[in-house]
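> These are the residues of each chain, in order.
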Amino acid sequence: MKIQRQLSSLAIGIIYLATFSFPAFSQENPKLSDAEVASVAVVANQIDINYAELAKEKSRNKEILKFAETMANDHKAVIGQAAALVKKLGVTPKDNVVSQQLLADAEKTKSTLSSKNGKDFDKAYIDNEVAYHKAVISAVEGLLIPETENAELKALLQNILPALRTHLSHAEMVQKQF
Amino acid sequence: MNSLWIILRNSMYLLFSMFLLNSCSSASEKTEPKVHTVEIKEMKFQPAEISVQKGDTIVWINKDFVAHDVTEETTHAWSSSVIPNGGSWSMAVTESADYFCTIHQVMKGKIVVEE
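Listed in order, the protein sequences are those of chains A and B. Each residue of the first sequence is one higher than the one before, starting from 562 at the first, in this note's numbering. Each residue of the second sequence is one higher than the one before, starting from 37 at the first, in this note's numbering.
Since the hints were derived computationally from the structure, they do not count as laboratory data. The model shown is predicted, which means the values in this text are computed figures rather than measured ones. Here a beta-carbon is modelled for each residue, glycine too, at the ideal position from N, C-alpha and C. Check the hints yourself; a few may be wrong.
[Stated by the list, open to error] 27 angstroms max Cα-Cα, derived DSSO-like pairs, lysine-lysine:
#1 Lys715/A / Lys80/B
#2 Lys680/A / Lys737/A
#3 Lys737/A / Lys80/B
[Said to hold, decoys possible] If you want the footprint, here are the derived chain A segments under chain B, 3+ residues with CB under 8 angstroms:
#4 630–639
#5 725–731
Throw the hints in and build the complete structure from the sequences for me.
This is how it looks when you write it as structure tokens:
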């Protein structure tokens with residue numbers, strides 16, 4: 562019964578993350594400028610780096626640690642690409658409602674993850690990675706790419722999709738162990 | 037009659053020499069190792085499966101913006117070090133193998149050595 566309740570909570574949590582991590586995406590898409598799209602892209606990547614750093618601090622599981630290392634390195638590489646492009650384009654990423662909501666939700670998730678230890682943490686971390694990557698892929702495809710006007714920024718967003726999909730498949734593979 | 041015999045004999049020598057030369061040339065073509073390329077792009081090994089002769093070399097070129105590696109899947113019998121963005125790694129092939137990227141474990145490839 563307890564496990565059933567936990568699963569129900571988890572299912573609700575995943576649905577919450579997938580639907581509300583990008584709040585505007587679930588209802589009416591906001592109009593974002595390219596500078597705001599760049600900000601959302603950087604913030605979304607930085608959030609997953611922060612989750613990875615937390616996992617590296619708290620987990621002792623080899624697969625979780627390896628996955629977290631990959632997430633940290635890959636998302637840093639994406640930020641590096643984005644930073645180089647906005648510099649080239651002379652655009653300064655601009656804070657906006659989507660990036661603010663992302664950060665607020667990430668703080669809550671990080672707080673929940675921080676309260677867990679051992680296998681509970683590992684499971685919560687990898688479950689969150691699956692849900693977060695699903696939400697980010699949906700947002701990049703359905704919100705950020707359509708909103709972007711600059712062709713190079715649009716191409717960058719399209720180029721990161723294969724990596725995000727690979728991260729999701731990898732996370733789902735690790736998730737099966739828990 | 038004697039000169040006709042000499043011409044015939046020399047012609048035979050010439051034909052035999054040409055046959056030998058041709059045989060050597062064919063043998064050398066068969067064993068000449070080739071270099072094949074596998075591109076790593078969009079988080080995939082492209083082509084995912086490659087057929088080669090024993091002794092051929094495969095060069096993996098990383099065209100993604102993230103680092104990858106190339107590692108034999110079953111026992112990790114061989115492995116590249118980390119291949120950064122824009123980097124490459126090559127290996128002379130001795131046997132068929134399934135391989136993968138240990139950094140992104142869902143990325144897989146296959147080498148088939150043709151007999």
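> Taking 27 angstroms as the top limit, are the C-alpha atoms of Lys680/A and Lys737/A close enough?
Given that 27 angstroms is the threshold and the Cα spacing comes to 13 angstroms, the pair holds.
> Taking a Cβ-to-Cβ distance below 8 angstroms as contact, does the region 630–639 of chain A have at least three residues touching chain B?
holds (count 5)
> Hinted pair, alpha-carbon criterion (27 angstroms max): Lys737/A, Lys80/B. Please report holds or violated.
Holds: Lys737/A and Lys80/B sit about 22 angstroms apart, inside 27 angstroms.
> Sort out whether Lys80/B lies within 27 angstroms of Lys715/A, counting only the CA atoms.
With a Cα-Cα distance of about 21 angstroms, the restraint between Lys715/A and Lys80/B holds, given a limit of 27 angstroms.
> Count the residues of the region 725–731 of chain A with a beta-carbon closer than 8 angstroms to any beta-carbon of chain B: does the count reach three?
Satisfied; 5 residues make the cut.
Violated hints are absent here; each numbered hint is respected by the structure.
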